[in-house]
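Participant: Sequence:
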Amino acid sequence: MKTPSHRSIAFPTASQFFRPMVGLGLLYLSLAGSTFAQDSIEFINGSTMNGEIIKIREEESEIDFLTKIGSRSFQRTYPFSKIRSVTQAGKKTSLDGNSDNNGGRTRDEVLALIESVGSQPPKWLESTELNHPQSLELNWPLKSPGPWNESKNVGQYIWGRVNPNEGRWKPGLKLVYQCMKLHQGNHELLSRDMQKLGDMYFTLFRDYSRAAFWLQKSDATAANPVGVYLAECYWRLGNRSMALSMLDSEQVHFSAIKLFGDMGEIDKALAVTDVYSKTRQFNEAFLNAGDALRGAGRFDEAITYYQQVIDRDEARNQEYLARFKGRASDAIEAIRLFDRADVRRVADGTYTASSMGYNGQVEVEVEVASAKILQVRVTKHREKQFYAALTDTPQQIIELQGIKDVDGTSGATITSQAIIAATAKALADGSK
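For what it's worth, the working numbering labels the leading residue of the sequence shown as 1456, then goes sequentially.
Among these hints, one or two may not hold up.
[Said to hold, decoys possible] With a Cα cut of at most 25 Å, we get these calculated SDA-like pairs of lysine to any residue:
#1 1827 to 1850
#2 1672 to 1700
#3 1859 to 1722
#4 1547 to 1531
#5 1607 to 1621
#6 1723 to 1703
#7 1629 to 1592
#8 1578 to 1512
#9 1672 to 1614
#10 1607 to 1578
These are computed hints drawn from the structure, not numbers from a lab. Bear in mind that the values here come from a model prediction, so they are computed numbers and not experimental data.
Put together the whole structure using the sequences plus the hints.
Facilitator: Okay, here's the thing in structure tokens:
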């Protein structure tokens, strides 16, 4: 194992990060000229990965970790929010901020963290250079006049060019800050700008403190997706009751079904599904309910909800009908392939398969050797809204060495489920 050069990195204090991390500031990476026990990361989803902690970057709340799968080494970056604990040089330290009143944070602690971290932009923002087209109209009206034009409308530019291109995420975020400065005094535009900042911090960067800071300022409610994002921020930052309180509303967006499922609140997830079953958004509700039940291991019930999408045969138009039915069919097939998709039964090789995403088929390539998943790579897609899932979901599959317990990427459920389903098909194709 490679020994890193000397480095000394202090962790945030308890007031800056999770309450369980009291004393963590005493833990340093001072490894020059020494060998040490294998490090490990325990993830929130229960999986454990062994390897070497390369660097802990407290400003970005991320850990760079080197691991070996088969004969190949991989270095990846993991956000603190996905990690329950780290073990370094034999010392285990908890990072789990997902359990309320069990090593989590009080309401006051969560709000203090959001204010202290969220009120300051990340250090990289100042040095980030803007690279948007000069033709963009930074006045950015709430309703764009004329046809779709990604070279003119800021929102359309973010949707079509920033989201699908990770290299544009940081400049894209800085562009929204610039728009916000121009919109001082206009409450409606400022509120929209703040929601967009919160949305981007959540869906692209998974920076829950800064996402929560801006979503709170924008007065987000659970009736909209961004309000559900805010609830998830509270949960990820360590207070379950704050998340549930945020979702305790007469109007809750159907995306809350997925969050309730992730939190283990299946009864609440199905209660919201029942409300939406009587609306025109029943397809989205049934698919989210199926995903929640699949994540809970209740596969037969999940299939029942997916099957309702197929049987009701209704949608706003034929394009949406094909999309919904395709997703439901692929999800059912993935569940039925779970046993055959066990990597221990898959012959060495590279396998490809596809599944229905948000904008069309998502194709994946899965490499297997010595009963290990070495790589999951999205090779073809037309996704724009949920680009973060294209890297996060394959990473989870590799971490878990399978698909059963993979959580759909928050804010990117559709694309995540497509990758999971396609991976199931690919692994099943190689089953011995």
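Participant: Give a verdict on every hint.
Facilitator: Against the structure, the hints:
| no. | hint | verdict |
| --- | --- | --- |
| 1 | 1827 to 1850 | 14 Å, holds |
| 2 | 1672 to 1700 | 18 Å, holds |
| 3 | 1859 to 1722 | 21 Å, holds |
| 4 | 1547 to 1531 | 20 Å, holds |
| 5 | 1607 to 1621 | 21 Å, holds |
| 6 | 1723 to 1703 | 10 Å, holds |
| 7 | 1629 to 1592 | 15 Å, holds |
| 8 | 1578 to 1512 | 12 Å, holds |
| 9 | 1672 to 1614 | 22 Å, holds |
| 10 | 1607 to 1578 | 29 Å, violated |
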